[in-house]
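Take these sequences, add in the hints, and give me the full structure.
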Amino acid sequence: DTGVSQNPRHKITKRGQNVTFRCDPISEHNRLYWYRQTLGQGPEFLTYFQNEAQLEKSRLLSDRFSAERPKGSFSTLEIQRTEQGDSAMYLCASSRRTSGASSYNEQFFGPGTRLTVL
Amino acid sequence: AQSVTQLGSHVSVSEGALVLLRCNYSSSVPPYLFWYVQYPNQGLQLLLKYTTGATLVKGINGFEAEFKKSETSFHLTKPSAHMSDAAEYFCAVSGPLQGAQKLVFGQGTRLTINP
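From first to last, the protein sequence lines stand for chains D and E. Whatever position you read off the first sequence (first residue = 1), add 950 for the numbering used here. Whatever position you read off the second sequence (first residue = 1), add 27 for the numbering used here.
No lab work stands behind these hints, which were simulated from the structure alone.
Computed Cβ-Cβ distance ranges for the label pairs, DEER-style:
id, chain 1, residue 1, chain 2, residue 2, range
1, D, Asp1013, E, Pro67, 24 to 34 Å
2, D, Arg959, E, Leu73, 15 to 25 Å
3, D, Ser1023, E, Ser107, 39 to 49 Å
4, E, Leu73, D, Ser1023, 14 to 24 Å
5, E, Leu73, D, Leu1010, 19 to 29 Å
6, D, Arg1046, E, Gln69, 18 to 28 Å
As the structure is a computational prediction, the values presented were derived from the model and not from experiment. We put the beta carbon where it would ideally sit given N, CA and C, even for glycine.
Encoded structure:
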């Protein structure tokens, strides 16, 4: 168990370019979450997957954002036509069902991808 | 809707002193409550969590927190601060049990330890 990994760790791009981030969850964790953290704030929920199904998306996720988890393992988050307001840390977390209470209450976070849009 | 308020964006204590970080929550359903720590340029590490049962929960690195339903609070404490405790701390709430169980975070408290 190597934990949640994210790549790249840092990304600098010019406004208008597309970027893609990857998240590899802990193996056998069937839930995967994306959060965005801007400077001086707590993380904010963007979206989550259970296996390969994307089950919820935040209103923060504009049409320029898309996330996939095609085989229920790793996930990608793509931002098209980046804007300066997209500059943030993008965090991925994973979890698995524990006990009989249908609870996925412990999320394990990756180190994040810091995006800077110039 | 759920929300978290962390009182004090910055807290400074002397090494060896008591650490108290305040967290109040709002939730229409029984909450699950969490404290996470974040070191610079790193992800979040879980310190402790409350789900059900005992209201005083102990976590890693000597931290503990007490769930007080009547006060809607989940304050984090540590009896004696260490220099390595300097970091950003986030309180979070999740729920409902059925559904995403996404985390809703407070804005964070930066803890500084003075030698």
